[in-house]
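Engineer: We have chain A; now place chain B onto it with these hints.
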Amino acid sequence: DIQMTQSPSSLSASVGDRVIITCRASESISRYLNWYQQKPGKAPQLVIYAASNVQRGVPSRFSGSGSGTSFSLTITNLLPEDSATYYCQQSYSPPSSFGQGTKVEIK
Amino acid sequence: QLLESGGGLVQPGRSLRLSCAASGFTFSSFQMNWVRQAPGKGLEWVSSISGSGDRTYAPDSMKGRFIISRDSSKNTLYLEINNVRGEDTAVYYCAKDGAIRWTFYSWGQGTLVTVSS
Chain A
1 DIQMTQSPSS LSASVGDRVI ITCRASESIS RYLNWYQQKP GKAPQLVIYA ASNVQRGVPS
61 RFSGSGSGTS FSLTITNLLP EDSATYYCQQ SYSPPSSFGQ GTKVEIK
Chain B
1 QLLESGGGLV QPGRSLRLSC AASGFTFSSF QMNWVRQAPG KGLEWVSSIS GSGDRTYAPD
61 SMKGRFIISR DSSKNTLYLE INNVRGEDTA VYYCAKDGAI RWTFYSWGQG TLVTVSS
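Chains as they are written, first to last, in our numbering: chain A, 1 to 107; chain B, 1 to 117.
So here's chain A without its partners, still in its complex pose (with noise of 0.2 Å):
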């Protein structure tokens, strides 16, 4: 089975900032790699899948990259309803598999 790992587990940052979070697979998936935003109390919410491309409706801050076994999510100009737990989960073949998961702070 494919596992996916997520890092940092979480982080603070601004309003403003660029944040990065990172996901590896243990091994290719090509870029069947998506990911997804959690708020407290609420359903997770698709925001990039296969790797790059950005869901509708999400803010084009949000981007997405990578191929193979490594893959980023970027936000940039971190705004405050950017709180949230990112989880990236691989597409690629059953069983699919999430992440651990990212929580974002706003400091």
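Since the hints were derived computationally from the structure, they do not count as laboratory data. Each residue gets a CB set at the ideal place from its N, CA and C atoms; glycine is no exception. Heads up, some of the hints might be wrong.
Okay, the calculated beta carbon distance ranges per label pair [said to hold, decoys possible]:
#: 1; chain 1: B; residue 1: 40; chain 2: A; residue 2: 27; range: 26 to 32 Å
#: 2; chain 1: A; residue 1: 10; chain 2: B; residue 2: 112; range: 22 to 28 Å
#: 3; chain 1: A; residue 1: 42; chain 2: B; residue 2: 98; range: 17 to 23 Å
#: 4; chain 1: A; residue 1: 80; chain 2: B; residue 2: 40; range: 31 to 37 Å
#: 5; chain 1: A; residue 1: 15; chain 2: B; residue 2: 109; range: 27 to 33 Å
#: 6; chain 1: B; residue 1: 12; chain 2: A; residue 2: 13; range: 40 to 46 Å
#: 7; chain 1: B; residue 1: 42; chain 2: A; residue 2: 13; range: 30 to 36 Å
#: 8; chain 1: A; residue 1: 28; chain 2: B; residue 2: 38; range: 28 to 34 Å
#: 9; chain 1: B; residue 1: 109; chain 2: A; residue 2: 58; range: 39 to 45 Å
Structural biologist: Chain B only, in chain A's frame:
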């Protein structure tokens, strides 16, 4: 839109069936999924079913006790959990696939299952 129901307090060893009512899209055209989240923990894929309902998928850890099904006449997805255990306590979300399989484009609000005697 996806709307889950059927959660609640259940005793260990009992069975439970969760439902997910779908609307606003052609239900039979999309693979559907269940994902769960234990309190304070991360996301865990539980099971998936093809649009036609003829193929199901689950990680080895979920095979046997978790049974996914769908009724296209009712636009409803189901998850039956048998012999529930304490570690099954979680919010259960249904999620819809899209153009790329195993990508969860939209989610329901979740239903909480609490296993306790």
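Engineer: The structure should be examined with respect to each hint, and the outcome stated for every one.
Structural biologist: Hint by hint, here is what the structure shows:
For residue 40 of chain B paired with residue 27 of chain A, a C-beta distance near 29 Å keeps the hint of 26 to 32 Å intact. For the pair residue 10 of chain A and residue 112 of chain B, the supplied restraint of 22 to 28 Å holds, since their beta-carbon distance comes to about 25 Å. Distance hint check for residue 42 of chain A and residue 98 of chain B: the Cβ-Cβ separation is about 20 Å, which falls inside the suggested range of 17 to 23 Å. Checked against the given bound of 31 to 37 Å, the beta carbons of residue 80 of chain A and residue 40 of chain B, roughly 23 Å apart, lie outside it.
Separated by about 29 Å at the C-beta atoms, residue 15 of chain A and residue 109 of chain B satisfy the suggested range of 27 to 33 Å. Between residue 12 of chain B and residue 13 of chain A the beta carbon distance is about 43 Å. The supplied range of 40 to 46 Å therefore holds. In this structure, residue 42 of chain B and residue 13 of chain A break the distance hint of 30 to 36 Å, their C-beta atoms being roughly 21 Å apart. Our hint of 28 to 34 Å for residue 28 of chain A and residue 38 of chain B holds, since their Cβ atoms are close to 29 Å apart.
Evaluation of the 39 to 45 Å hint for residue 109 of chain B and residue 58 of chain A yields a failure: the beta carbon distance comes to about 19 Å.
In terms of the numbered hints stated before, the structure departs from hints 4, 7 and 9, listed from lowest to highest.
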